[in-house]
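K.L.:
Make the complex out of the two chains shown on their own, each in a separate frame, by following the hints.
Protein chains in written order, with my numbering: chain A, 1 to 348; chain B, 1 to 226.
Hints are computed from structural coordinates only; laboratory data are not their basis. Among the hints, a few may not be true.
[Stated by the list, open to error] Just a sample of chain B residues kept apart from chain A, beta carbon distances all over 12 Å, derived:
hint, residue
1, G167
2, N168
3, D202
[To be verified] Here are the in silico distance ranges between beta carbons for each label pair:
hint, chain 1, residue 1, chain 2, residue 2, range
4, A, N238, B, G27, 49 to 55 Å
5, A, E249, B, D66, 29 to 35 Å
6, B, Q13, A, N238, 28 to 34 Å
7, A, P67, B, P111, 29 to 35 Å
8, A, E252, B, G130, 27 to 33 Å
9, A, S223, B, P111, 46 to 52 Å
10, B, R72, A, N238, 23 to 29 Å
11, A, S293, B, R72, 54 to 60 Å
12, B, G64, A, L230, 48 to 54 Å
13, A, N238, B, V65, 39 to 45 Å
14, B, H196, A, N238, 43 to 49 Å
15, A, L214, B, P71, 54 to 60 Å
16, A, L320, B, G64, 49 to 55 Å
17, A, L72, B, Q13, 37 to 43 Å
These figures come from a predicted structure and were not determined experimentally. C-beta: ideal position from N, C-alpha, C; glycine also.
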Amino acid sequence: MARRTGHGATPRRRQRRSGGWAQRLVPRTRRRRDRPRSRRAPPAPLLYLLRHGQAAARALAWARSAPVHSLLTAAVVGIALALPAVFMLALANAERVAGGWGAGAPRISLFLEQDAGTETLQRRADAIAERPGVAGVEPITPEEALAAFRADSGLDAALELLDENPLPPVLVVTVEPSLSPSEVSRLADRLAGTEAIARMRLDQAWVERLHAILALAERALWSTGALLALAVVLVVGNTIRLTIESRREEVEIVKLIGGSNGLVRRPFLYEGLGYGLLGGGIAWGLTGLGRWSLAGPAERLAEAYGTAFTLSGLGLGNGLLLLLIGAGLGVLGAWTAVARHLAAIEPR
Amino acid sequence: MIRLDRVSKRYQQAGRDGLRGVSLAVGEGELVFVTGHSGAGKSTLLRLIPRLERPSGGRVLVGGVDVGQLPRRKVPLLRQRVGVTFQDHRLLADRTVFGNVALPLEIAGIPRREAARRVRAALDKVGLLGKEGAYPVTLSGGEQQRAGIARAVVNRPPVLLADEPTGNLDPGLSDEIMRLFTAFTGIGTTVLVATHDMGLVDRLGHRTLSLREGELVADRPAREAA
Ligand SMILES: Nc1ncnc2c1ncn2[C@@H]1O[C@H](COP(=O)(O)OP(=O)(O)OP(=O)(O)O)[C@@H](O)[C@H]1O
Ligand SMILES: [Mg+2]
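Looking at chain B on its own, in the form it has when it is part of the complex (with noise of 0.2 Å):
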């Protein structure tokens, strides 16, 4: 579903590098944990699949499109097929919980009345049913996440991808929305997950990448007794 082809990602202001020769391949259906240390490239490698960046070498292909040759106007049905969940949550002030996670609902142009019933459904999932009138500036960290991540899901992207979803939550919720991921592989959805949580990650045994200074140095493959 997803490959990388000794991708590297050059920052040319800044003249750092945030990926280096990374190659990569995830299958569909399959939950990945992405993991190093700050500023070891975590973001950088997902904000390449929907094309929030290019790479300057190397190809990212999705679902065998090469995303580096999409032509500009296509580039918006690949993000709407590419749910991300976002390290500073990206939530819109002035909607509410509700209107925030209907956003993609509106952009796909589901009808008023289902687009209604799937995000109270999204929500649900992530426990914010009772908090769909609230606007963001009025929830805690946990919730803007959680939030984000009923926005990232209520389409139900074939590609998710979650940086630090669980950053601001407790391990009991912090479990119960890697359960809600892991439920979506079951449908075929391919997850990608960044995260410092090594507890969490040693946990749930998952394949996982590790990335430390724009390198690929790890793959670990996933545990059997998960």
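With the rest of the complex left out, here is chain A (with noise of 0.2 Å):
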């Protein structure tokens, strides 16, 4: 059946009769195809770039030619990394507030046993000084305690009726600012228990508790912040496979004429991108409106507390960090939806 009769009769007259050029090229298929390559096409990096400035191009016009759905896209994502973004912000503010027992509390107050002298406190002071947590050390002895008390509270008279003075020498200790409230207990409880040491106080309640709400929130921040991520992936993923439907007849004629699946997956991930870096400008932007409506009533309530507190905002850092994070989850939901629906279209 495969009779190879006659053919090439044809070509090589044709060959002789057009003369030069063909003569030069006929006989090197080969190398007239490989040539352009070498001579042409520019540089591996410049021609890299080229290819991705393509996809990036091909992406954003896809997303033009259907704006108020990729604009809803961008803005679901940008609502969604808001708002862990937002509570974020409002868990640093908190924590800066509740940070401000730094310069007073907590004090630990260790009472020495009645008939300590002098010069066991002053010894004591010293001793505990040195320990790791510790601050300072303010030793009061018996006699200097009663008479701030006098002062204080005004019961001259009925202190004049003791015979004795009924107060024990005292070490106010106070403690790194760097510690934790449980840092601060476990310190307190280990100085109770050293030499000399009748009893101990630790007035920091209020402080674990705010502690433990704070530690919580934190901990919701993550659970919500990963749920949230998750939305972001499957949004973008869904968008994107609603545009690899749409685009189905052009990744069939890519691939039919020779691209690669790397060059149809590109302006796919381009576009998961682009949604991802909008919609953490969008997120970002939400964020710095948040502060500006909250900053007057913020200012007010704390000057209601006599004490002077601005609302801290994303800053750049935070902000950048929010476009990165935009970015790989629009770059990952587009993944997603890129590796299920692009490998399975097959050019007819």
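P.N.:
So, in structure tokens, the structure goes:
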């Protein structure tokens, strides 16, 4: 069946007829095919950039052809990213307020045994001051304590009735502000067990509670953050799936004429990247807006408590981080769609 | 350049044979017509070459490479070297004629300026230079067909496959397109043209393969006085 009769006659004759240029090209299909690659194609990194530029341009063109849908997707991504960002900001501000105790509290009051002399007091003060986590120790002799008590309470007359000073010597320990409440209470317990200490008092219950609440909030932040990140991936994935469906013909044709999977995939990934970046930007804007609208009330509240306090914003670093997270989630979402739907398209 | 070795193609879902035990060889720079009644397997034969289909039996060799055994990631390279014009044109609706024809060059990473020059040259050859800014829907069937042909030849592929390239063209244009294809054989391109147009086949007298019911029933050599 496979007869190769007579072929070749035509091309050979044509070669002769078409003279010089054909003469140069005919027997070297391979070389002719390769030469443009080495001579005309730009160097590899440039080519790489060019291809990415083309893919990005393509993604942009697609997004422009369905602007409402694209903007809606970006808005949803933006809101989903703004929620945890705002939550995080609120938390950071609350922590800053809670951290206000650093200057005064917490203090550990160590009451020495009644009969401990001034000498013991001073010795214990020096020893405790050496311990890690201790910022300062103030020894208070019974006499000083009584004098202070007198001045503060105005119970002069009543105190005159006592024939002996009922107050014990006290060490007031200030701790390093970097210690957490649990570390402070552990330190207090340890100090309470040392030589010549009769009783210990630590008043930080409210700080502990606040910190417990903040820790809980932080946990909640992480889990909602994770859920919302998942939402972003799903939303972007779904949008990209729709784009793939509406671009099915294009994907087929590009594969048909030799577009690699990477080439076909790239614009979709750029589309995801675009949604992520735009969404991140929207989220950044939304947190800024939220901060601006709360700044007045927050200041008035702080004034009412007699402190100066301004809400802190995301700042450049965290804002860029938000963009980065958006971009990462967008690409991830696009990738899930591309991995599932693009490979399935085979040209007919 | 192209060899088929007892190739058969069975469409599983349909349970029909597209091709049955076809063996043939086409040399570099040859122009060959593939004829046969509708459903004879002409398109199937062409589609096996850039691996748009895989043979269910036998081997398809292009430039000495077994196409069926080609790893997936190499398939795009094969397709870049086989220009194809399709029976249904397959143009991108949201790109102009220029954009469509430029697509293979974009894929190959040819710089824009060089690409534009080549696109215009290809459009000139098919007589579509005036329509480069038009969108495919605004073109006539024959114009779309010629845009498809320009896209297939713009990258100067070593193998050119044309499925009914003259189906929508008047005799004058048909001859023009055939002249273009013949010119390509002059630079070593191997051309396969599937067609119903027996008048054209007889007039030009190139080598002709005839298919019937998926079988190769005749292989008529080129007429000497073409
Ligand atoms: N994708 C497919 N699935 C199932 N059967 C197919 C498919 N493609 C082609 N066939 C069958 O294979 C046979 C050959 O088809 P093919 O398209 O090669 O014919 P053809 O010679 O190109 O016809 P035409 O001149 O009408 O284009 C036909 O019987 C057709 O029904
Ligand atoms: Mg056909």
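K.L.:
Compare the structure with each hint and give your call.
P.N.:
Here is what the structure says about each hint:
1. G167: G167(B) clear of chain A: closest Cβ-Cβ about 18 Å, beyond 12 Å.
2. N168: Holds, because the least Cβ-Cβ distance between N168(B) and chain A comes to about 19 Å, which exceeds 12 Å.
3. D202: holds, 16 Å
4. N238(A) x G27(B): 49 to 55 Å: 52 Å Cβ-Cβ, so the 49 to 55 Å window holds.
5. E249(A) x D66(B): 29 to 35 Å: holds, 30 Å
6. Q13(B) x N238(A): 28 to 34 Å: holds, 30 Å
7. P67(A) x P111(B): 29 to 35 Å: Since the Cβ atoms of P67(A) and P111(B) sit about 31 Å apart, the hinted range of 29 to 35 Å holds.
8. E252(A) x G130(B): 27 to 33 Å: Holds, since E252(A) and G130(B) (Cβ atoms, about 29 Å apart) stay within the stated range.
9. S223(A) x P111(B): 46 to 52 Å: holds, 51 Å
10. R72(B) x N238(A): 23 to 29 Å: holds, 28 Å
11. S293(A) x R72(B): 54 to 60 Å: Check passed, 55 Å falls within 54 to 60 Å.
12. G64(B) x L230(A): 48 to 54 Å: holds, 51 Å
13. N238(A) x V65(B): 39 to 45 Å: holds, 40 Å
14. H196(B) x N238(A): 43 to 49 Å: holds, 46 Å
15. L214(A) x P71(B): 54 to 60 Å: holds, 56 Å
16. L320(A) x G64(B): 49 to 55 Å: holds, 54 Å
17. L72(A) x Q13(B): 37 to 43 Å: Once the Cβ atoms are compared, 39 Å apart, the range 37 to 43 Å for Q13(B) and L72(A) holds.
Checked against the numbered hints given earlier, the structure satisfies every one of them.
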